[in-house]
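Chemist: In order, the protein sequences belong to chains A and B.
Letter 601 of the first sequence, counting from 1, is numbered 601 in full-length UniProt numbering, and no numbers are missing.
Letter 742 of the second sequence, counting from 1, is numbered 742 in full-length UniProt numbering, and no numbers are missing.
Simulated from the structure, these hints should not be mistaken for laboratory data.
Note that the structure is predicted; figures quoted are calculated from it, not measured.
Where hints are given, some of them may not hold.
Put simply, identical chains are the same to the list, so a pair is met inside one copy or across any two.
In silico BS3-like pairs for lysine-lysine, Cα to Cα no more than 30 Å straight-line [unchecked claim]:
id, residue 1, residue 2
1, Lys671, Lys376
2, Lys436, Lys107
3, Lys671, Lys147
4, Lys183, Lys376
5, Lys180, Lys376
6, Lys554, Lys436
7, Lys376, Lys436
8, Lys248, Lys270
9, Lys107, Lys254
10, Lys451, Lys671
11, Lys253, Lys671
12, Lys273, Lys253
13, Lys376, Lys683
14, Lys671, Lys683
15, Lys554, Lys254
16, Lys674, Lys376
2 protein chains.
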Amino acid sequence: MATLSDISVSASINSLSAFLFLVAFAILRLQPMNDRVYFPKWYIKGIRENPSTSGPLVKHFVNLDVRMYIRLLNWVPAALKMPEPELIQHAGLDSAVYIRIYLLGLKIFVPIALLAFAVLLPVNYTGGNFNIMSLTMKDITFGEIDKFSISNVPPASKRLAAHIVMAYVFTFWTCYILYKEYKIVTDMRLHFLASQSRRPDQFTVLVRNVPSDPDESVSEHVEHFFRVNHPHQYLTHKMVYNANKLAKMVDQKKDLHNRLIYYTNKYERKPKKRPTTKTGFWGLWGKKIDAINYYTEEIEKLSKEEVAERERVIGDPEAVVPAAFVSFRSRWGAAVCAQTQQTRNPIRWLTAWAPEPRDVYWNNLAIPFVELNVRKLVMTVALFGLIFCFMIPIAIVQTLANIESIEKVLPFLKPLIDKGSVKSFIQGFLPGIVLKIFLLVLPMILMEMSKIEGYVAVSDLEARSAGKYHLFLLVNVFLGSIVAGTALQQLKEFLNKSASEIPRTVGVSVPMKATFFITYIMVDGWAGVAAEILRLVPLVIYHLKNIFLVKTEKDRDEAMDPGSLLWPITEPRLQLYFLLGLVYSTVTPILLPFIIIFFAFAYLIFRHQIINVYNQKYESAASFWPDVNRRILIGLMISQFTLLGLLSTKQAANSTPVLIVLPILTFWFHKFCKNRFESAFRKFPLQDAMIKDTLERATEPQLDLKAYLKDAYTHPVFKGGQVELMDIDEEEDEYHLVATKRTSRKGSQAGTTEGSPEDRTGIYAV
Amino acid sequence: MATLSDISVSASINSLSAFLFLVAFAILRLQPMNDRVYFPKWYIKGIRENPSTSGPLVKHFVNLDVRMYIRLLNWVPAALKMPEPELIQHAGLDSAVYIRIYLLGLKIFVPIALLAFAVLLPVNYTGGNFNIMSLTMKDITFGEIDKFSISNVPPASKRLAAHIVMAYVFTFWTCYILYKEYKIVTDMRLHFLASQSRRPDQFTVLVRNVPSDPDESVSEHVEHFFRVNHPHQYLTHKMVYNANKLAKMVDQKKDLHNRLIYYTNKYERKPKKRPTTKTGFWGLWGKKIDAINYYTEEIEKLSKEEVAERERVIGDPEAVVPAAFVSFRSRWGAAVCAQTQQTRNPIRWLTAWAPEPRDVYWNNLAIPFVELNVRKLVMTVALFGLIFCFMIPIAIVQTLANIESIEKVLPFLKPLIDKGSVKSFIQGFLPGIVLKIFLLVLPMILMEMSKIEGYVAVSDLEARSAGKYHLFLLVNVFLGSIVAGTALQQLKEFLNKSASEIPRTVGVSVPMKATFFITYIMVDGWAGVAAEILRLVPLVIYHLKNIFLVKTEKDRDEAMDPGSLLWPITEPRLQLYFLLGLVYSTVTPILLPFIIIFFAFAYLIFRHQIINVYNQKYESAASFWPDVNRRILIGLMISQFTLLGLLSTKQAANSTPVLIVLPILTFWFHKFCKNRFESAFRKFPLQDAMIKDTLERATEPQLDLKAYLKDAYTHPVFKGGQVELMDIDEEEDEYHLVATKRTSRKGSQAGTTEGSPEDRTGIYAV
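Work out the full structure, taking the sequences as your base and the hints as a guide.
Modeler: Spelled out as structure tokens, the structure:
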């Protein structure tokens with residue numbers, strides 16, 4: 001058991017590292033050369049240009065104005081200054097609601113902490129269990145932390161009633177705050193949707209599993225079907241093409257282009273020597289050749305192939321996928337079509353709201369229904385395996401990645417490895433590194449699994465990955481830390497234990513792990529969040545790109561990587577703090593201040609990042625909130641079961657019926673929230689659609705909606721230019737190829753986040 | 001352990017009693033005076049009239065034609081003769097699909113039984129476990145039945161592989177048949193819906209939780225809302241009135257009327273003495289008065305009160321409930337409105353398909369949203385209590401209902417009770433009778449619970465009751481028989497056991513209970529079903545009514561009680577047979593023939609009853625099928641877990657991973673069925689609506705839909721006549737009272753089951 005001084009040492013180390021990160025950030029962000037790393041959002045919005053070029057050259061790269069260094073923390077008020085409505089306009093509703101989760105943490109835990117400190121700390125501290133125990137068993141020492149925890153209350157004591165009452169109070173408080181927050185977020189979402197300007201997805205429905213018809217092409221079939229069944233509403237539609245191969249070619253070409261630029265830059269700097277490369281894998285071996293000529297030829301070759309593929313996709317009826325984006329004359333028509341069933345066979349003509357164009361995951365649009373079901377089954381089994389057996393492949397890799405096998409595979413490394421210090425280093429760190437790498441790669445694995453499951457919107461994919469990751473963290477971090485052993489062993493143990501014994505096992509270990517989790521909060525929460533603001537990886541990558549690849553301003557724009565809120569990773573991790581706070585609120589309330597500091601600090605950091613850095617790839621209008629709410633309630637229920645188990649080992653078995661009421665009420669509250677709010681996040685009400693339609697008809701009677709929607713749902717590889725996809729002409733009803741070069745319409749689609757006037761928003765990016 | 005001869009004795013007793021029921025039925029149904037008991041369906045359809053009155057008077061009551069008695073079973077071919085399409089037209093789709101469940105039982109279990117007899121019986125019989133055991137332990141005797149069961153296979157034998165393979169085969173066969181059947185029923189339903197003639201519910205949506213508006217009446221508010229948000233589709237609407245008090249008065253009046261008729265009849269038969277009654281409760285005590293005068297006066301008094309209440313309901317805005325039946329110009333419009341969300345607030349303006357007019361449960365239309373949630377929570381807890389603690393109140397009643405307390409409450413019975421034989425009779429039978437009464441009353445209790453939960457359609461209420469009853473039977477009959485002790489004790493035991501031990505506990509007991517369940521099948525299944533056809537209770541009641549209440553032909557029509565398929569009772573009981581069949585198919589296959597006989601026999605009986613007797617109160621177009629499918633799959637999963645537990649005690653623990661795959665696959669199959677078929681039972685596709693609309697517009701361009709829908713959704717108490725509800729007139733937009741007397745439109749609503757020509761259908765009712 002850790003003493004208070006252990007904790008304070010750990011606290012000071014972590015606070016110091018967090019502080020150092022902040023100092024580094026404060027210095028680095030003032031350098032003009034890092035401007036695009038720390039303020040990319042403003043560049044994307046076109047409000048910030050490159051730093052002014054008057055003055056000496058050095059000023060381009062380093063800030064020499066000493067006065068600015070004095071106010072190290074002057075970004076803090078700037079981050080807090082922007083009011084919420086403006087934040088929504090600036091960064092989108094997703095981001096604005098996301099940081100509300102941290103605020104929610106404060107709203108829940110500050111009052112709980114105050115109450116717990118006022119009531120439970122004195123009750124625990126004067127419990128005197130350890131005094132008794134240390135008298136009887138002299139060889140056991142207890143940490144001071146434990147004096148403040150429920151462990152200090154002797155078994156069957158009347159004092160435990162205080163914990164039960166507090167469990168009720170905390171549950172009701174949490175539910176009350178959650179209800180209020182759900183209501184606020186729902187209103188924000190509805191207000192946001194209502195005030196949104198015209199967007200293609202408001203008029204569009206995604207139709208999947210279009211049945212094939214022997215007499216018509218798929219496109220004709222779609223048109224006829226909707227003309228008949230939505231007679232006054234159908235406007236136009238866009239077929240989906242299987243352009244996955246083409247997309248791969250475009251990517252490949254871009255990569256070759258980057259290499260060409262790299263070698264051209266190299267040649268320009270040292271014109272004496274023409275750069276060479278090798279033809280083999282990654283330019284590592286093979287014949288030596290002139291790099292610039294080689295890549296120019298390769299690009300030309302690929303360009304030709306690409307044109308051929310492009311024409312094949314457009315001409316070949318096989319490339320048409322049985323899915324289409326169908327657009328309607330009004331939002332009302334689209335809302336009706338998205339929410340209703342079209343035909344008798346519920347697996348044909350599946351309609352759903354079209355995702356925002358940026359949000360479409362094109363690769364999955366062609367998966368047939370039965371296959372989808374099989375994929376989901378396989379992925380469920382795989383997820384189960386991943387969660388409960390994740391240590392097995394790691395162990396295998398760790399066994400393989402030992403000294404002997406490395407020497408076998410790469411014999412030329414043998415003399416190096418055999419040196420004593422290197423050997424011990426590898427033996428000591430390699431297994432840990434393998435685990436670390438796996439944990440870093442895990443979200444990507446989960447994302448791939450969600451992709452295999454076949455969701456068609458990036459937002460759906462992320463929501464599913466987040467769900468999987470949350471489950472993983474719950475089992476392997478929370479349960480895994482409390483009950484020692486791998487998840488598979490735990491599962492075995494749990495299966496061999498009675499249902500009522502499981503919360504007991506967990507409950508008994510919980511108070512003993514308090515110090516471990518306090519350290520975890522400081523390392524992962526405090527220092528981890530501070531590292532986020534420093535953006536070390538994007539900083540390095542940007543400067544590397546800047547040196548090797550950037551020639552024009554456009555290149556520099558592309559080298560800039562604003563990143564985005566990694567929702568499917570950060571949210572599940574964040575949920576762990578809610579879980580810990582709720583579990584320990586009655587058991588070891590001294591943990592609560594650490595959590596409160598985390599929430600406050602993270603709120604500040606992420607608010608800054610949202611304003612100045614992140615550029616979200618799509619806007620889902622906070623559609624993730626039901627998940628957030630559900631996961632906090634899962635945490636609440638786990639905390640209730642834990643307390644129940646803990647108290648039943650404290651010889652307070654009579655408390656069980658009193659405490660079992662709490663999870664039942666919590667579950668009911670979850671159901672209630674679901675009924676009350678969730679449809680606002682899943683459906684689009686007809687009344688709102690009608691209001692927007694009516695308003696639009698009054699203000700813009702001349703609007704040519706068809707022209708507006710023309711290219712919205714074109715596969716991105718067709719957007720770049722050259723050839724445009726065939727299009728149905730309503731008057732003539734025949735296909736014709738428009739092969740003229742067009743400028744990209746990319747810009748017009750974003751549409752949601754309009755730049756506000758420079759003079760107003762400039763103040764937030766100091 | 002029972003021997004084969006025990007079983008055959010039981011079988012012959014039960015077969016004999018079933019046979020006797022059939023003989024009694026065969027004789028009774030031939031008597032003309034019972035004609036209305038055994039063939040009410042034909043009277044209701046107006047095809048059958050009273051038996052011809054030519055010949056002597058005795059022929060009215062007794063059939064003297066000896067030739068007809070010879071062919072005792074001539075109703076059997078008649079019951080099987082009617083082809084299914086005609087059956088659907090005659091009795092409705094619900095009934096026709098219901099008897100398909102019995103056929104489904106045959107389809108599943110006949111091949112399973114053949115395979116099990118061919119493979120498992122020899123494997124078990126030559127297993128020789130009992131030979132070994134009886135050599136070592138001479139004092140244990142085994143029943144012959146057990147030689148055919150898995151118990152005869154020694155532990156860790158290779159023979160168990162046969163059972164595992166068979167479990168796979170049976171699972172796949174069951175799922176295959178279920179899939180095929182689901183597909184057929186779905187097609188039948190869609191075909192039925194498509195071929196249905198015009199019905200008011202096709203055009204109508206039930207709107208609940210209409211928000212109040214300070215400026216408008218509820219009715220105006222409803223009209224304006226739908227005129228705005230469904231502009232081309234809204235036709236008219238009908239407000240719902242809280243006429244529960246009025247309905248009670250109407251019932252009361254009918255009751256008084258019956259008494260009046262009873263005394264008038266009495267007086268007519270014995271004109272010398274005017275009948276008297278007493279004013280007190282049930283005419284048991286109080287002042288003696290002239291009965292005919294008394295009831296005439298009472299009826300007059302009540303009639304006046306009824307008129308006053310009728311006027312109050314119509315005039316009082318407080319009597320208007322915030323719910324309405326909104327009708328649309330087309331089926332398409334109604335389908336759109338029913339499937340979409342209307343406003344931002346998902347608990348306002350809730351729309352759903354209107355139930356068929358006969359199907360509406362009027363009392364529940366006014367319950368607000370939050371209250372509904374609370375009611376559901378309370379009822380869930382109550383159901384849990386009822387299932388797991390149902391023995392507690394029974395035990396209390398049994399304790400109270402002993403000799404001493406009866407003597408205390410009813411002291412005048414004391415001399416009677418104290419007689420030895422009476423005393424022992426009461427002591428021996430009373431507790432059993434209390435339990436029996438409870439089990440008889442249970443479906444009614446469950447129905448009341450469902451009513452409290454607030455469902456607005458009788459079909460929903462029945463579906464929920466069936467679900468509750470199924471759970472009850474599963475826990476208290478199946479588990480309760482296998483693991484001795486009450487459900488509460490089981491729950492306690494299970495909670496204290498490990499998760500993997502529960503299937504083991506159940507699995508071990510399963511083979512030992514085979515003989516018990518064989519007897520159960522014969523008593524409850526064979527004899528019970530035979531008793532169904534005899535209709536003893538309706539027979540007695542009809543003749544009593546006929547003697548005391550019938551004066552005119554109309555009275556005789558009313559005295560006739562055709563009854564209906566008691567779906568919420570019979571279906572869950574039926575599911576028990578599927579469960580038993582699936583559980584014992586691998587364990588003790590010798591049980592299967594008993595189940596097959598049950599299914600075949602019940603199919604025959606219920607087909608006869610549906611053709612000749614039952615008159616369904618509403619038509620849900622087989623909307624119960626998803627429940628049937630789900631429950632059979634639950635049974636399948638229970639059977640898989642049971643086998644898993646059983647084999648793990650047979651020292652074949654390696655089988656666990658092989659067998660755990662089955663429930664996972666079964667669960668996946670359930671999900672697959674749900675996705676694939678369920679929406680056909682819950683939603684109405686737009687394409688079908690459009691086809692019907694287009695056809696109707698072409699064939700009946702002059703149809704006055706508004707007039708057609710006018711009275712469809714009027715509360716039944718307003719249907720009888722006298723005063724008609726206020727109605728919105730589209731042209732004038734003002735309320736006016738149409739107080740003219742009208743004939744009831746009840747007849748025109750049924751609409752679904754049109755009588756076929758007498759000469760054709762006559763042949764089925766021999």
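Chemist: All hints, please: hold or fail.
Modeler: Now for the hints, and whether the structure bears them out:
| no. | hint | in the structure |
| --- | --- | --- |
| 1 | Lys671 - Lys376 | both (25 Å within a copy, 11 Å between copies) |
| 2 | Lys436 - Lys107 | neither (34 Å within a copy, 56 Å between copies) |
| 3 | Lys671 - Lys147 | neither (39 Å within a copy, 51 Å between copies) |
| 4 | Lys183 - Lys376 | between (33 Å within a copy, 22 Å between copies) |
| 5 | Lys180 - Lys376 | between (35 Å within a copy, 23 Å between copies) |
| 6 | Lys554 - Lys436 | neither (37 Å within a copy, 86 Å between copies) |
| 7 | Lys376 - Lys436 | within (28 Å within a copy, 47 Å between copies) |
| 8 | Lys248 - Lys270 | neither (33 Å within a copy, 101 Å between copies) |
| 9 | Lys107 - Lys254 | neither (48 Å within a copy, 62 Å between copies) |
| 10 | Lys451 - Lys671 | both (29 Å within a copy, 20 Å between copies) |
| 11 | Lys253 - Lys671 | neither (51 Å within a copy, 44 Å between copies) |
| 12 | Lys273 - Lys253 | within (26 Å within a copy, 112 Å between copies) |
| 13 | Lys376 - Lys683 | both (24 Å within a copy, 24 Å between copies) |
| 14 | Lys671 - Lys683 | both (18 Å within a copy, 23 Å between copies) |
| 15 | Lys554 - Lys254 | within (14 Å within a copy, 89 Å between copies) |
| 16 | Lys674 - Lys376 | both (24 Å within a copy, 14 Å between copies) |
The structure fails to meet hints 2, 3, 6, 8, 9 and 11 from the earlier list, while all remaining hints are met.
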